[in-house]
Amino acid sequence: MNATEIESGLGQFTGTECYHRLSALHLGLVVTDGVKFLAQEAGAFWLIDAIASYQPKCRKDASLRDFQFWTLDVAEDHSAVLKCERDTDDVAITQRIPYTDFPLKQARVWVQPGDERTWVAMLPSEH
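Take the sequence shown: its position 44, counting from 1, is numbered 44 in our numbering, and each next residue is one higher.
Certain hints may be false.
[To be verified] Simulated crosslink set (DMTMM-like; lysine to aspartate or glutamate; CA at most 25 Å straight-line): (1) K83 / D33; (2) K105 / D90; (3) K105 / D61; (4) K83 / D66; (5) K105 / D33; (6) K83 / D73.
Please keep in mind that the hints were generated in silico from the structure rather than gathered at the bench.
Please put together the full structure from these sequences, using the hints given.
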């Protein structure tokens, strides 16, 4: 799928039918149908792994234990910045990515607790 098709497809997600575990390495993070679509169609399983890898750090931050706002911004030179915010303009985590073939200019994923052992990654439209 090209970027336009992916963006159009992402627009269809307003909830989820079920949760998906995408990695045996990160059992505590499940994703919604929309995030699974994003990972599959944009070739971005690495993005989910990156978010999951920061969860131990996030759980030590009182604000991030309740809700996390993740944004991937891709520049024209194909570099990117992944950041996690507690709230608008309150950046807790920043990771610079020297190169990515991610097809969209931006992706947003929100993470919140699901139960005592599981965190849920979702598209903003699925919240």
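Quick rundown of the hints versus the structure:
no., hint, verdict
1, K83 / D33, "22 Å, holds"
2, K105 / D90, "21 Å, holds"
3, K105 / D61, "28 Å, violated"
4, K83 / D66, "17 Å, holds"
5, K105 / D33, "21 Å, holds"
6, K83 / D73, "8 Å, holds"
Consistency note: the structure conflicts with earlier hint 3 alone.
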